[in-house]
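Participant: Two chains, two frames, a set of hints: combine them into the complex.
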Amino acid sequence: MTFALKTLTAAGVFALAAASPALAQTEIQWWHAMTGANNDVVVKLAEEFNASQKDYKVVVAYKGSYPDTLNAGIAAFRAGNAPHIIQVFEVGTATMMSAKGAIKPVADLMKDAGETFDPKSYLPAITGYYSTTKGEMLSFPFNSSSMVMWYNKDALKKAGLPEAPPKTWPEVFEAAKKLKAAGYDKCGFSTAWTTWANIEQLGAWHNVPVGTKANGFDGFDTEFRINSDLFVKHLTNLANLQKEGVFSYSGRTNTGEGRFTSGECPLFLTSSAFFGNVKANAKFDWSNAPMPYYPDVAGAPQNSIIGGASLWVMGGKKADEYKGVAKFFTFLSDVDRQVKLHTESGYLPITKAAYEKVKASGFYKQNPYLETPLLELNNKEPTDNSRGVRFGGLVQIRDIWSEEIEAALNGQKTPKAALDAANERGNQALRQFERTAK
Amino acid sequence: MQKYAHFKGLTIPLLLLLPQLTITVVFFYWPASQAVWQSFLLQDAFGISTEFVWFENYRDLFAKPEYYKALINTGIFSVFVALLSLSLALLFAVMADRQIRGAEIYKTLLIWPYAVAPAIAGVLWIFMFDPSLGMLARGLQSLGVNWNPRLNGNDAMTLVILAATWKQISYNFLFFLAGLQSIPRSVIEAAVIDGARPMRRFWTIVFPLLSPTTFFLLVVNLVYVFFDTFGIIDTVSGGGPSGATETLVYKVYSDGKGGTNLGGSAAQSVILLAMVIAMTAIQFRFIERKVTY
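If you're matching them up, the sequences are chains A and B in order. Our numbering puts the first sequence at residues 80 to 517. Our numbering puts the second sequence at residues 551 to 843.
Same shape as in the complex, but just chain B (with noise of 0.2 Å):
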């Protein structure tokens, strides 16, 4: 039997569509479009004179070692934030599943970062690790660690995956807390009965069972620090020092700034677009596959 509605003619359901696809539209794909048209462009910031160029905007950039730069720093940057705050999320929220007293504080208190803007966020993290003013930078260096992320890439590129992180884990831990808490106890009551250990119950039945969680928020974590890092990174180091932080959608920005280089600047945030289609598309075709729903 079918369960679908079904409607006469396509008035209807266009009409019910419109809404959404108007705001798809106007929204995503209109400005999206406008980028692309941009990146083969070569104009002065009040648009006053414009040039055709096709890909010339894109060969300068290949052209250029700062890209690639950008790029490393984009792989090491996502891959340490994704892969720390995934699991340190997971940590959490397997220790405040258990009954423990005054979970729903911990709990509560674990989802506040999220609430924090990135750019406060950055700040935050700014005051405590400031090689001059920062609480924890001077125990630090009282420590003999020589801490400057003003002139340190590693010590600059450190303190923006711990904020970028930090304001991570709390997101993740939600999804985490609420996926373990649908794991039907029975199954995890059967293997105690069964002789298995707790670290034995987690990696053959809680874990699995979390995939198609965890791939999601694989996904999301992904997004995030792609895009929306980016307020952390113009707040803690500014993509510097020496471009050590320069992540590809800071470069975006800081190309773009004063209007200098709008071309240059759209056309990588083209690359940057086939870039986070790409990726989804990998994930949802190989990496879902190994997903238990």
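This is chain A alone, in the form it adopts within the complex (with noise of 0.2 Å):
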């Protein structure tokens, strides 16, 4: 080779390395299950990180609905070939945390990087459902909310209500026959997320157990108490109610929940996520209010969980990877951006700096029903019944509770008999996931 030839050589590969200063980022993929104006929030967070520093560019994959991205993260795991970050829902956080080896504690990833990171900084009734016993922070939180009830005015005052929203759920049952009367006769109130709203939830917010050992978050060998009192009253209630058609079952997801905005059914619990859609939608007065409780049970109301997704780090990366993982959670928890995720799409924020200065503004006067499931939340200091829900096989286990809830509601079974059979047939799933989860 001549010497002409190596320089033109050298000079080649120097002009395509001086070309291409990608080659030298990391790239980081994360994997999420966001549609619609939720994607472009992703979207967005990651083209603001990239342009914010140069070593580190986040790739953006949508993977489908939560149950796919979940399914995709595994299939990819186990064919080695797992994302950066993937966003899973709060009901698969048994089934990640309990696979060591396939994932990062966020915790560890902070520290191990070096970045500043202060546990105590963000609100603990959104962290603590993705946190250890012990407090550490083993996924990220991104999208949360909780489960609030949405109320149309313009119904409430054609039914002679007063313009305060019921409080109590015999309240919520008599206005609910109240608006039947006055012409809301398909559906007086009704429920999103069935077994979200009258199991978790309804849990959390009496203070009263849906399993043992802290719902599960002390043990896998955690077993089921839905067949207590509380939840055989409330859904005998239901049953009744639905009988007489005040109530109105609306499935299972959240498929029903055009029937508030549609003006069918005029009091409705959902996630108060749904704000963005009613905003869009609902032709009448509307806003939100905190989930109905019975005065009887002692302590009423506790605080709410949160539903919504995390972000979970996968095992088996690189260092310089998780360095660039753990900036862009630093990224994510500036107290601007999440002043602005909040304000503008109706996401929980995660830092205490951020709610405090969205609560200094004014923001919550102009617009209270973004400030509704926090009070929910930090209505008092979260006990053991009431931090969260932590069960491995949570996806499946809902679906069996569905199934014996609706056999409940169209008479198959009695309330009692229908919780019971849905009792043990989740403790079965539990077993199986004990086993499984070593």
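Just to be clear, a hint being listed does not mean it is correct.
Unchecked claim - In silico lysine-lysine, PhoX-like type, Cα no more than 20 Å apart, as pairs: (1) Lys492/A x Lys807/B; (2) Lys807/B x Lys142/A; (3) Lys492/A x Lys614/B.
Hints are computed from structural coordinates only; laboratory data are not their basis. Since this is a predicted model, take the numbers as computed values, not measurements.
Facilitator: Have a look at this one:
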């Protein structure tokens, strides 16, 4: 090889390297399950992060619904191809945390990467769901919400009800009967997310356990307690009112939410994240209020639990990649960014500073419905029964519970028999999970 | 005189067979054997801990009343869908086979639903029969029918049967029409001269001569209801309410979903596989004898 050729080659290589600085960037894969406006938020966050520094590049990929995304992550892990960050819904928490080696706890990640990270700066009601009992954060909360009762102000007026929404369950039942008489004859009140509303949130809101071992936080050898008095009483009420046409079942997930925005159901319990949809589609005066409670249960209301999803970091990646993930989480925790995410998209802020800042700005005076879930979550110091739920295989268990609740609502079983069966079948699933999670 | 081509040695025939064999092994036998293997395992979602449990997954399955319920649901669902879609398709084909104006338009339009994906077919039917939004559901309610597939198992089953039938009619129609057109006119004309009325002509001549088509369609339809209706059930009812529309194939999915019970899910798919093999074998062994080719 002549000298000239060598120089040329060297120059060529140098030129290539200089022309594509992207090659030096470390890519971070982020798989998510967000659609529509929420998808735009994800894309924009990645763009902003990529523009804010040069060393790392977050690449987002939409992987379908929450269960689809979780399954895609599991399949990729089995194939040795997992992404760095995967968004997993709250019910997948136990499945993820039991997979030691498959995941990297966020607390460890931040420490290893040397990022400044103070777990106390986060809202405990939100991060508690995704932390160990010792307070170590396992996954990073991303989109959080809680359950609230949305109400149609025009309907309340039409039925001659007071402007203030009903506070307790007995009040809700009475109001719904009046609403039915006033022309809302197909549905006085309803809920989306059947088990989240009528089991998980109901338990937390009344400080009643859904399962032993602090709702599964203290170990996989937990057992369900969903056939206790509170749950039976509530389901009995729902079943009776379903028969009278005052309550109307709206399905297992949130597919029935349109019944609120269309004006069919004037009282509707669902996620606070329903906000964007209500704002865009409801053609009546609306607001939301905390979930109702039974006043005869001592200490109620306690505090609500969150829903939504968090970001899990997958195991077995390079130290440099983890550093990028840690930087990205620091970027997400930034106060102004959290304020913006919360006020624009309706996600709950995850840091105390962000919440305080929004409160101080007077934003909630104009938009009280965005503060309702935060007031619920922070209503009281969380107890073992209200920190959250952590049951392995909860995705499948929720389906089992829904089946039994439906059997009670359509009169095939008594509420007590249905909940006994739900409890028993749920325990079988828990034992199976316990055997595999070692 | 023999009409077979003869190859010397085994190399060329094997080479010629190789592409087909590779595809069959890679895409059929290998995954099927994986399913069988998985059905003997108890494994966590990520495949980190694995325990070989012999037939425990199968025993668990047969100890659960939900599995028998799914079995019965599948029976009801497949009988109704196969019967309805075959008989309606035959009726439409016989009608379209006549000399009528615009026959081509009917034929084309009748074939369209086949191009609709199962999940979309499910959504279309939900649009019509959703108790809150559906036009037809409102019509039913105004007639005093308490239509509520969200909670009433029979309503939900009716809805998935209708959607699954609607989607399969086109396919059956196409084959029946082709079958009808291949029946020699002379046979039918002879019957006309003998004074046989249309109904009699149909049952004694047309229907027996169609039997190969009907038999083929019966097999295809059963495979369809057993496996391909998954998307429809998923979008229309999600197996609910209270498991009223949970068929065997849907249960395979819902148990395996979230990766929580892969072993049980695999055991179910192995049983399903065995059932379809057995059914097809029985059909070929016993029903095919009655078919006149």
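Participant: Does each hint fit the structure? Answer for all of them.
Facilitator: Hints versus structure:
1. Lys492/A x Lys807/B: 27 Å, violated
2. Lys807/B x Lys142/A: Holds: lysine 807/B and lysine 142/A sit about 15 Å apart, inside 20 Å.
3. Lys492/A x Lys614/B: 18 Å, holds
Figure legend: structure checked against the earlier numbered hints; the only hint not met is number 1.
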